[in-house]
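Student: Sequence:
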Amino acid sequence: MFIFRKGFGGQLLALIAVLLILPVILTAYMLHAIKKTELALVENHKAKLAKVMDQLDEKLPETFDQILSRTVPPDAPRRDKVQALNRELKKTIADVSRAYPDVELGFYSQDLDVILDGDTEHYGENFSRRRKQAFDDAIGTRETVMESFGKPEGGFLESYKPLERDDQIIGAVWARENLLEMYTRVDGVQRDSYLIIFTGAVLGIGGSFFLLGNFLNNVNQVKKGVKLLEYDLNTRLPPATGELGEITGAINHLAGRLVKAQNYNKVILANIDDGIMAVDPAGTIVLLNPAFSLIFGIGTEFLEKNLYDAFPPDSQIAGIVRAALDEKRLVKDFDITWATPGNGTKNILVSTSLLADNDREMMGVVLTCRDITERLRMREKMQRQERLAALGKLVAGVAHEIRNPITSISGYIQFWQKKNTPSPRSIATIYREVTRLNSIVDKLLHFVKPSQINPAPVDVNLLVDKVSQFFADTHQSDSITVVTKTENNLPPAWVDFAQVEQVLMNIMYNAWQALEGRSGTITLNTSYNPDTENLILEVADNGCGIPAENMSNLFDPFFTTRPKGTGLGLAIAYEIIRAHGGNIEVESEEGAGTSVRIYLQRAKEAS
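Under my numbering, think of the first position of the sequence shown as 65, with each following residue one higher.
Don't read these hints as lab results, they were simulated from the structure. Careful: at least some of the hints might be erroneous.
[To be verified] With a cut-off of at most 25 Å between alpha-carbon atoms, the simulated DMTMM-like pairs for lysine to aspartate or glutamate come out as follows: (1) Lys112 <-> Glu102; (2) Lys215 <-> Asp177; (3) Lys668 <-> Glu653; (4) Lys112 <-> Asp256; (5) Lys100 <-> Asp177; (6) Lys115 <-> Asp183; (7) Lys668 <-> Glu444; (8) Lys287 <-> Asp256; (9) Lys154 <-> Glu122; (10) Lys110 <-> Asp201; (11) Lys392 <-> Glu425; (12) Lys110 <-> Asp181; (13) Lys123 <-> Glu245; (14) Lys154 <-> Glu168; (15) Lys410 <-> Glu425; (16) Lys369 <-> Asp523; (17) Lys154 <-> Asp166.
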């Protein structure tokens, strides 16, 4: 037993009702057609009777009075007149009757008020009052009168037509046919149709309710199974037949695939190194993987609980997740410090991303995190080792650079101890070496602790023009040409003018030294890269170039290939540009020349 509901069962029941109503409508239409056929048959018989009466009318050559005038005396009794007319009309009536054997027909005399049907044995009033009224109506209206009687009244069809001669109504012709057999056949067809409708309706409704009930029982089993799948994907729906069986099979197959995918997800989440937490739009934690639990010390007991149950509202994690949920403000590799229960700290990289369905509706936020505490410790250890190695290299370089001036000074001092009188030359040499030592110390101080930069918007074209002009004035040469190629409408750079000028002068001097003893050109170019928002200063020469094995050491302190060089110029230039947030790149080919590109940040205030 089932209750009609708004749903699949109701739709199916409505469909069955429609399918049952359609045959009923079709049968009703058939009955209507039968009724129309019955009426058409009656009309056909009416036409037939009209034709019979027309033939009778045509076969009567003279009036009743003319027949009587030649067959009986004028004063003959009524009975004799009736017999005489029946004798005379008998042949005419018989001729027409042979063509229509199933039709009764005859004449009616108005004067004698008698039906003339060729019967010479009977006379007098041989018809009913009803028929008398029909004759009177036909004669009175001068129109044919048709009367039809159904099966209960005998099934007769009667027709009465006025008989007119010389513009005078002398009587009527009549015809009658029994249609009882036709009515009986029509009633049989209607009775059979009603029986078919009733039987079909009973069988259809009963069978439909049985099939529908059976089908809905199977559907209810599927519904119960699907509800169980909501809590346990290992549940399997019971087998069914037909299309419903295909549906249950597909659902079971889908559940199996979901179980497999779920197992894969569990394995992946359990073995991934990054911690993952998913939160729905309401702030409920819906997923935690073991790595996340290990990093923050919270377990699966916080699943399906609010974010604030696991993390205090004022904690960094809660703030980052709420910012993503409420403002869609995401973070990428955001470094946070997390306090551990043992008064320790962890360095954690945190990223957030939005979860969206196929309709781009937000489903929540995923927070991924990575514990980088050990990595930072290793990096710090490596940096300490690198600093110690650099310090050792620096000390070796300083010792090498200072040893020569000290040797000279020491030699002259020993000479003075023997002679007791210093010479002007020795004093000049000592002064030069002391100045050299002072220069080395200044450069070392600048390298170890660079001067504070004071950035401001700077026109790099103006800077290049100033450096190139100063260099041309101080390093005049017939064999070396300085060329500037500046790009127009460049945005200003955000730099310390004096420090970048020092860098550019140092690189220009290196290019000049690379061309020493040969003819060549030093080219200064300026340009702008809108993709990176960097201004580019390029110093290129076609000098001797740099050997490939020396390229990796160009910016190391005290690395030099010149006997009198300190090896601090490029190292200091590199530190200055890095302090400005820029970079230096060098391309060189031995024997062909060198190109040095300086990348500077544009002034944001000017954008």
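Student: Would you mind marking each hint as holding or not holding in the structure?
Tutor: Hint check results:
Straight-line distance between C-alpha atoms of Lys112 and Glu102 comes to about 15 Å, which keeps the hinted pair within the 25 Å bound. As the CA atoms of Lys215 and Asp177 are separated by approximately 29 Å, the hinted pair breaks the 25 Å bound. Pair hint Lys668 plus Glu653 does not hold up; C-alpha atoms about 36 Å apart against a cutoff of 25 Å. The suggested pairing of Lys112 with Asp256 is violated, with an alpha-carbon distance near 29 Å, which exceeds 25 Å.
Distance restraint check for Lys100 and Asp177: the Cα-Cα separation of roughly 38 Å exceeds the 25 Å cut-off, and the hinted pair is therefore not satisfied. Our distance criterion of 25 Å between C-alpha atoms is met by Lys115 and Asp183, whose separation comes to about 22 Å. Using a Cα cut-off of 25 Å, the hinted pair Lys668 and Glu444 is violated, with the two alpha carbons roughly 33 Å apart. Between the alpha carbons of Lys287 and Asp256 the distance comes to roughly 45 Å, so the proposed pair goes past 25 Å and is violated.
Note on Lys154 and Glu122: the hinted pairing holds, with a Cα-Cα distance of about 15 Å set against a maximum of 25 Å. Only pairs whose Cα atoms come within 25 Å are accepted, and Lys110 paired with Asp201 is accepted, the gap being roughly 18 Å. At most 25 Å may separate the alpha-carbon atoms for a hinted pair to count; Lys392 and Glu425 meet this at roughly 13 Å. In summary, the hint linking Lys110 to Asp181 is supported, as the alpha carbons are separated by about 20 Å, within the 25 Å threshold.
For the hint pairing Lys123 with Glu245, the CA-to-CA distance comes to about 30 Å; that exceeds 25 Å, so the pair is violated. Using a Cα cut-off of 25 Å, the hinted pair Lys154 and Glu168 holds, with the two alpha carbons roughly 13 Å apart. Between the alpha carbons of Lys410 and Glu425 the distance comes to roughly 35 Å, so the proposed pair goes past 25 Å and is violated. Only pairs whose Cα atoms come within 25 Å are accepted, and Lys369 paired with Asp523 is rejected, the gap being roughly 58 Å.
Note on Lys154 and Asp166: the hinted pairing holds, with a Cα-Cα distance of about 17 Å set against a maximum of 25 Å.
Checked against the numbered hints above, the structure breaks hints 2, 3, 4, 5, 7, 8, 13, 15, 16 and satisfies the rest.
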